[in-house]
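A.B. asks: Here's the letter readout for the chains.
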Amino acid sequence: MTAAEQNELETDVQVSSDGCARVILRGRLDAQTAVACWNNLERNLRDKKIETLEVNASRLQFCDGAGFALLRYLNMGKMTPTATVSVIGLEASLEKIFRGFTKQDYEAFRPALRKRKNSLPGEVGSAVALASADLREQVTFLGDVMANLPPTLLDRKRMRWPEVRHVFELAGANAVPIVSLISVLVGLIIAFESAQPLAQFGAQIYVANMIGLVMVRELGPLLAAILLAGRSGSAFAAEIGTMKVNEELNALETLGLDPIRFLVVQRIAAGILLTPLLTFYATFMGVLGGVLVTLGLGFPLTLIFHQLVSSIHLSDVALGVAKGIVFGAIVSAVGCLRGLQTQQGPSAVGISTTRAVVTSILLIVLADAIFSIIFFSLIK
Amino acid sequence: MSDSPQIAITVRNLKIGYGEKMILQNVNFQVRRGEVFVILGGSGCGKSTLLKNLIGLYTPLEGEVWIDDEDFVAAKDNERLRLLRKFGVMYQSGALFGSMTVLENVRLALDEFTALPEPVKELVALAKLKLVGLGAAAQKMPSELSGGMQKRAAIARAMALDPKILFLDEPSAGLDPVTSAGLDILIKELAHHFGITFVIVTHELASIYNIADRVVMLDSRTRTIIAEGRPVELREHASDPWVRRFFNREPDSGDVVQPN
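Residue numbers (the numbering used here), protein chains in the order written: chain A, 1 to 380; chain B, 1 to 260.
No lab work stands behind these hints, which were simulated from the structure alone. Hints are not guaranteed to be accurate.
Unchecked claim - What follows is a set of in silico ranges between Cβ atoms, one per label pair, in the way DEER data are often shown: (1) E123/A <-> K188/B: 20 to 30 angstroms; (2) P346/A <-> K188/B: 50 to 60 angstroms; (3) P121/A <-> K76/B: 54 to 64 angstroms; (4) A206/B <-> G143/A: 19 to 29 angstroms; (5) D71/B <-> F62/A: 22 to 32 angstroms; (6) D258/A <-> K76/B: 37 to 47 angstroms; (7) A206/B <-> P121/A: 25 to 35 angstroms; (8) L81/B <-> R43/A: 45 to 55 angstroms; (9) A173/B <-> V139/A: 40 to 50 angstroms; (10) V139/A <-> K188/B: 27 to 37 angstroms; (11) D71/B <-> E248/A: 37 to 47 angstroms.
For each residue, glycine too, the CB sits at the ideal point set by N, CA and C.
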């Protein structure tokens, strides 16, 4: 079996000592056979002192786009820069296609590779510029919301309460199962983890006090807010972001409807209303988890209940609810803002949702820290 | 099995739909090699769904789609991959990958399916782009191109591996008449010079008269093909009055607004 039959292409390369080279191609030159052909030519022609190169294609039976590309590469002298190259013998119809793309085209179209200049000061500068622009947008947005919130809240028709109810259901009621599960588990985990060290001091009953305080003041609000950010903050950003990509926001504006008043105020109102409830619920479930462990340790329910009631004050509950309100406002406002900031392109909505969750969690933790400092100085 | 080597695609007794819902049935036609074949019909008659069944995105409820001499519907994984390489598809929106340059979009299939050396792949991609008149836009991002240019780039991408068949979904939708006519010329040239078979879904009459060798017309009431032939013949001689109305761009009597 000859090479031509096996590979469907036979490449014959002859290089004479006077610097003349000749390539004869027989058979099919396509995307598969061009690879072996290329390797053969590389071996025999590249970096050789060749003055004339003749590529004889008269026995080519078939040539596809890849084949033409290879012939053009040779013809442009890319493999043999010192040589004068000629491609001869192509059948008329192939010749016409071959001539359809010239060296001039190659030089005109060939990408001068885009090089982005990276320099540390430049990167830092643009990052700072972006961050400050973002901060400015956040402040502007806050102002917009503040200006729109009271008049919209007071006007029943403009407030679109059914929309608030809808968001309330999606972000609140539908979140109950996952909030229950995670809160109970976190309560269980903390109780288990703390039971062992406390046992060394014979103070296991204080697991109940600790769970009560930690859940009511810190973890209840945090868990509720972080779950809200993951479930609903991202959903707000995706929803409003998709509306922006689909020009629905433009449609609202040209109808004379301000997106802040029409979309954002409702979501923030729902967030502020539902997060304290969710916080309260998460706290309750977390404490329940802790109580289960304490029961398992052999303490009677009345004792546990007494410990809980004696350790939790009304001010703690008030702090938890206050945190819920602030966190709810943060999550829903950030979700909406990131949605409104959505750019164009296929990844834009994804970027917006990511930014919504990241910024929400960052601001939640920041706000939590501020709460802790204030509360600490108040009771001191 | 196609009846002759002159036939590129044979569709036999195709029944398509979503789950229980049947959209079209008794769809039978053959596409000859090198012809521009247009699937047309009113809005919502199942044109695009039929196309998605032909290119294997959806599985038909019943029937066969033969590409060259092989049954595409019954093909198993490996055969299917090989058959997929026989055709290219241009989607209605272009569907260029937004994170890649135009050149990278065209190169993608070459990078994935061939072992060609870098400079050759680049030359193939540039040559395809020149063919559709976009050589100078090689380094642009898809978002920097106009709608017509995106569709041209999508045709170049579909042609990267030199398929013999190109499926185009609504090539002229959303384009101005000049750009649309330019695209028509490109399609005719590719069919004429490179022997590419085109299967085009559209309802742009001007375009159909320009490019179509043959059309089949789908109907949402009878849920099957109601006419097949050359566009001019159908306009003059179709037996179904609705087909004649379609080709003459006459509204349904019920749609005419009566002034008070």
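A.B. asks: Against each hint, give a clear statement of whether it holds in the structure.
C.D. replies: Results of checking the hints against the structure:
The beta-carbon spacing between E123/A and K188/B, approximately 50 angstroms, falls outside the hinted interval of 20 to 30 angstroms. Evaluation of the 50 to 60 angstroms hint for P346/A and K188/B yields a failure: the beta carbon distance comes to about 32 angstroms. For the hinted restraint 54 to 64 angstroms between P121/A and K76/B, the CB-CB distance of approximately 58 angstroms keeps it satisfied. At roughly 52 angstroms, the beta carbons of A206/B and G143/A sit outside the given window of 19 to 29 angstroms.
Restraint check, D71/B to F62/A: a C-beta distance of roughly 26 angstroms satisfies the suggested window 22 to 32 angstroms. D258/A and K76/B have their C-beta atoms about 57 angstroms apart, which leaves the hinted 37 to 47 angstroms range violated. A206/B and P121/A have their C-beta atoms about 57 angstroms apart, which leaves the hinted 25 to 35 angstroms range violated. A C-beta distance of roughly 32 angstroms is found between L81/B and R43/A, which places it outside the suggested range of 45 to 55 angstroms.
Between A173/B and V139/A the beta carbon distance is about 43 angstroms. The supplied range of 40 to 50 angstroms therefore holds. For the hinted restraint 27 to 37 angstroms between V139/A and K188/B, the CB-CB distance of approximately 58 angstroms leaves it violated. Look at D71/B against E248/A: about 44 angstroms separates their beta carbons, and that is inside 37 to 47 angstroms.
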